[in-house]
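Each chain, letter by letter, is given below.
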Amino acid sequence: MTESFTKPLLDVRDLSVSFSQNGRETVAVNRISFSIEAGETLALVGESGSGKSISALSLVRLLPPGAKYSGEAYFSQENLLKLDDESLRKIRGARITMVFQEPMTSLNPLHTIERQISEILELHGLNQDSERRARVIELLTEVGIPNPSARLGAYPHQLSGGQRQRVMIAMALANKPDLLIADEPTTALDVTVQAQILALLERLQKNYHMAILFITHDLGLVRRFASHVCVMKKGEIVEKGDVISVFSKPSHPYTKALLSAEPKGLPLKENENAPIVISADNLRVWFPIKRGFMRRTVDHIKAVDGVTLKVHAGSTVGVVGESGSGKTTLALALLRLIRSEGPIVFLGNNIDGASVADMRPIRRDMQIVFQDPYGSLSPRMSVAEIVAEGLTVQRPELSLDARREIVGKALKETGLDPSTMDRYPHEFSGGQRQRIAIARAIVLEPKFIVLDEPTSALDMSVQAQIIDLLRDLQNRMSLAYLFISHDLRVVKALAAHLIVMRHGKVVESGSAEEIFANPKQEYTRALFAAAFHNKVEPLD
Amino acid sequence: MVGPTTASDQLAPPVVRTGWLKLTPLNKRRLANFKANKRGYWSFWIFMTLFVMSMLSNILANDRPIIAYYKGEILFPVFITYPEEKFGGFLARTDYRDPTIENEMKAQGWMIWPPVRYSYDTHNLDLPTPAPSPPTWMLSDRQCEAAAAKLNKSDHPNHGCADIEWNWLGTDDQGRDVVARLLYGFRLSVLFGLILATVSSIIGVAAGAVQGYFGGAIDLIFQRFIEIWSSLPQLYLLIIISSFLTPGFFVLLGILLLFSWVSLVHVVRAEFFRARNFEYVNAARALGLSNYRIIMQHLLPNATVATLTFLPFILNSSITTLTSLDFLGFGLPPGSPSLGELLLQGKSNLQAPWLALTGFCIIALMLALLIFIGESVRDAFDPRKSFE
Numbered sequence: 001m002t003e004s005f006t007k008p009l010l011d012v013r014d015l016s017v018s019f020s021q022n023g024r025e026t027v028a029v030n031r032i033s034f035s036i037e038a039g040e041t042l043a044l045v046g047e048s049g050s051g052k053s054i055s056a057l058s059l060v061r062l063l064p065p066g067a068k069y070s071g072e073a074y075f076s077q078e079n080l081l082k083l084d085d086e087s088l089r090k091i092r093g094a095r096i097t098m099v100f101q102e103p104m105t106s107l108n109p110l111h112t113i114e115r116q117i118s119e120i121l122e123l124h125g126l127n128q129d130s131e132r133r134a135r136v137i138e139l140l141t142e143v144g145i146p147n148p149s150a151r152l153g154a155y156p157h158q159l160s161g162g163q164r165q166r167v168m169i170a171m172a173l174a175n176k177p178d179l180l181i182a183d184e185p186t187t188a189l190d191v192t193v194q195a196q197i198l199a200l201l202e203r204l205q206k207n208y209h210m211a212i213l214f215i216t217h218d219l220g221l222v223r224r225f226a227s228h229v230c231v232m233k234k235g236e237i238v239e240k241g242d243v244i245s246v247f248s249k250p251s252h253p254y255t256k257a258l259l260s261a262e263p264k265g266l267p268l269k270e271n272e273n274a275p276i277v278i279s280a281d282n283l284r285v286w287f288p289i290k291r292g293f294m295r296r297t298v299d300h301i302k303a304v305d306g307v308t309l310k311v312h313a314g315s316t317v318g319v320v321g322e323s324g325s326g327k328t329t330l331a332l333a334l335l336r337l338i339r340s341e342g343p344i345v346f347l348g349n350n351i352d353g354a355s356v357a358d359m360r361p362i363r364r365d366m367q368i369v370f371q372d373p374y375g376s377l378s379p380r381m382s383v384a385e386i387v388a389e390g391l392t393v394q395r396p397e398l399s400l401d402a403r404r405e406i407v408g409k410a411l412k413e414t415g416l417d418p419s420t421m422d423r424y425p426h427e428f429s430g431g432q433r434q435r436i437a438i439a440r441a442i443v444l445e446p447k448f449i450v451l452d453e454p455t456s457a458l459d460m461s462v463q464a465q466i467i468d469l470l471r472d473l474q475n476r477m478s479l480a481y482l483f484i485s486h487d488l489r490v491v492k493a494l495a496a497h498l499i500v501m502r503h504g505k506v507v508e509s510g511s512a513e514e515i516f517a518n519p520k521q522e523y524t525r526a527l528f529a530a531a532f533h534n535k536v537e538p539l540d
Numbered sequence: 001m002v003g004p005t006t007a008s009d010q011l012a013p014p015v016v017r018t019g020w021l022k023l024t025p026l027n028k029r030r031l032a033n034f035k036a037n038k039r040g041y042w043s044f045w046i047f048m049t050l051f052v053m054s055m056l057s058n059i060l061a062n063d064r065p066i067i068a069y070y071k072g073e074i075l076f077p078v079f080i081t082y083p084e085e086k087f088g089g090f091l092a093r094t095d096y097r098d099p100t101i102e103n104e105m106k107a108q109g110w111m112i113w114p115p116v117r118y119s120y121d122t123h124n125l126d127l128p129t130p131a132p133s134p135p136t137w138m139l140s141d142r143q144c145e146a147a148a149a150k151l152n153k154s155d156h157p158n159h160g161c162a163d164i165e166w167n168w169l170g171t172d173d174q175g176r177d178v179v180a181r182l183l184y185g186f187r188l189s190v191l192f193g194l195i196l197a198t199v200s201s202i203i204g205v206a207a208g209a210v211q212g213y214f215g216g217a218i219d220l221i222f223q224r225f226i227e228i229w230s231s232l233p234q235l236y237l238l239i240i241i242s243s244f245l246t247p248g249f250f251v252l253l254g255i256l257l258l259f260s261w262v263s264l265v266h267v268v269r270a271e272f273f274r275a276r277n278f279e280y281v282n283a284a285r286a287l288g289l290s291n292y293r294i295i296m297q298h299l300l301p302n303a304t305v306a307t308l309t310f311l312p313f314i315l316n317s318s319i320t321t322l323t324s325l326d327f328l329g330f331g332l333p334p335g336s337p338s339l340g341e342l343l344l345q346g347k348s349n350l351q352a353p354w355l356a357l358t359g360f361c362i363i364a365l366m367l368a369l370l371i372f373i374g375e376s377v378r379d380a381f382d383p384r385k386s387f388e
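If you read the sequences in order, they're chains A and B.
Following our numbering, the numbering of the first sequence begins with 1 at its first residue and continues without gaps.
Following our numbering, the numbering of the second sequence begins with 1 at its first residue and continues without gaps.
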């Protein structure tokens, strides 16, 4: 007993993981060492591809069969890497449990939540039906699912994202684990929900006295949630220590870079005298709900319900809100990519009734950059073809060489090497791909660009670069942006005017500076508290 | 931002144009993948050899000489029909196999024959045994004696199989050479299959693309139409139609096309449904691309893999449909060289196993080769293989 006090709960020494494919060996994790005491939280931070998830998965040997492990990982005197499968199974799901990032895909869509949770209880020895049910209800109560006995028969799709993650946590807690591995547990969630889940984890950690290995890319979460931190880069731990000292006195240049990578700078001032590029008045996008044999319209889903906005040349309007608040729908409606009601005036012309053919010349002046740099570039076209595509439609008089010249310029503007234009998108990193998407948007020299979460899929340091690029382009080309994001820190760095949306309606709008300093609405305050301090504020 | 540029500050790398075939890196990788699949690669070359041979069947198996020299004139009997009076006969078309004509031409010049001296419709009148006659190498000299004697070569007495014209795979029940019929029949089947598969894929992909891309009412109406259309009993319709239209190559092609285009529609439609919501399609719409261009440039490439998966099967089913129609007797007009007809002859002449065996082997070989090729083409286009 005395020994377990001196020895840490989990002690990892010189852990390496490599994959061999087609005779080539790739080292994913290179000789990392760390340890976790019982009841403490250790955070593994790093950008995508740094090997943090692989390190965690290798502890319970959940990696694909090609993986090779070396080193030692002692979990209460047993080396997890050498353990036989039978004993390892007893540890997995009982003493070490996991919560994954994507709650939609980590739950089986065909099973009720009762069945999913009781399966684990059964596997680890709870055989009585009534006992199991009681324990499931107890667990659901513990993770804060309202009215748990009524929700036992619910399927995953009937729950919200936050509730699904709560169910995942209930499953992880089912056998009172000693160690919980949380792999980006809040990344897929909205900020307010994120804060609630973190608060829940914190409370449960105290109750169960369990250790948490917390994997994340978000430094803000680390600072608030973890006691110790390991910073990973390319499969190696470059710096470790307790959170306070690492954050206040980072010693490794990579940690310093990460800490300073948060989007900085101030948005360009909104110029009231600059011409209005686009304005909409009481814009509505209603999707009819049809029922019955005659397909009568019984009700509407009000995706966007009466939004009024205007964007001046050379300035940015930020649209913030949680998922499902109608931000993207608003953008698509402004670009006339979906049907909407209410007048839209673009460069002095009323475009809300324009036909597809009438819109074509206008599209030259309005562009969009999407969130996912992987999905927004066609994988079967070269970069030159992707960027030049708009030119072939809007300026068909150009020769191939002239087009390529313009493409080269646009790529240079966005900080890419023009000589790479004949490569395919899959040869570029996420940040570079987003630059390609921006190049595609600016190549036509538009007046107005919709930026639909352009930084959400990118690593923190890349986010800052993209924001700097966008601000620089705006400055030089006097572009008007409609900037959609759920990430308030990014919005703060770019938007001069702010619109806060919820359930398709505008909750609050006005100068960004004013709203950030002094939010008037309760919803806005809750949103800010969650985003900037990871705090839960009561919401109706 | 955009202005005229001089050559000195050129930003874009020049377009690489090498040779007549410009391969993008992606296509190079696909070609390498295709070559890496040994079975598919070898199948491709074997099939191509057979295909080219069958395309040249007029030169490889014919009852006319390829080139002849007669009275100081060079003639091309394979390509040009000469009246027989030119050589002292009386028929409208020269029968070069007639010993009289042959001797006359040999006396006045020379001629080069194809390796097989029968066309698909040449009746061998000097068979050693009654038709269907077995392959000549299966016969004994005594069986050949009578036929050899008929050749009436006076210079030396010859009475063996070595002296008669050989039928390498025997003849059918009308005394026609099986090798020649096989060559012509293979050509006909493959061409029919290729044309039918290509045309029905084009129609099927176009129909699927329109339905998948536009969706809604268009999709609903077309889908119901296809459901009704594909539930029509094809075979009965074929039998009825072929009773009042003379079934030739193109009539059959047309009739089969009426039904075969449906097979690809569902796959392409599903692919389009999936891909039309991709962000890059939305981006293309925001750039002002027309629907036609979005379909052609962004969506069709996505549907190719699915299409390619089905293409070998469609090709094979086209070939087997023709073969089975011929076998049932509703196919090409009598006398046409067709593999189905060969199988039918094999069925009605069980005492002549070379007919059925040859037919079976060549059809099995052709279908297997096409499937192997199709399989490796599909694998080569698989994005998970070509993008990694």
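By construction, these hints were calculated from the structure, which means they are not laboratory data.
Where hints are given, some of them may not hold.
The following residues of chain A were derived to be distant from chain B, with all beta-carbon distances above 10 Å [stated by the list, open to error]: (1) GLU138; (2) ILE244; (3) GLY375.
Here are the in silico distance ranges between beta carbons for each label pair [what the hints assert, rightly or not]: (4) A:ASN350 x B:LYS35: 51 to 61 Å; (5) B:VAL52 x A:ALA354: 48 to 58 Å; (6) B:ASN27 x A:PRO65: 28 to 38 Å; (7) A:ASP417 x B:TYR41: 47 to 57 Å; (8) A:GLY306 x B:ARG224: 56 to 66 Å.
For each residue, glycine too, the CB sits at the ideal point set by N, CA and C.
To see whether the hints hold, each was checked on the structure:
1. GLU138: Per Cβ check, GLU138 (chain A) is outside 10 Å of chain B; nearest 42 Å; holds.
2. ILE244: 41 Å, holds
3. GLY375: 4 Å, violated
4. A:ASN350 x B:LYS35: 51 to 61 Å: 59 Å, holds
5. B:VAL52 x A:ALA354: 48 to 58 Å: Holds, at about 57 Å.
6. B:ASN27 x A:PRO65: 28 to 38 Å: 33 Å, holds
7. A:ASP417 x B:TYR41: 47 to 57 Å: 37 Å, violated
8. A:GLY306 x B:ARG224: 56 to 66 Å: Violated, at about 40 Å.
This entry does not satisfy hints 3, 7 and 8, going by the numbered hints stated previously.
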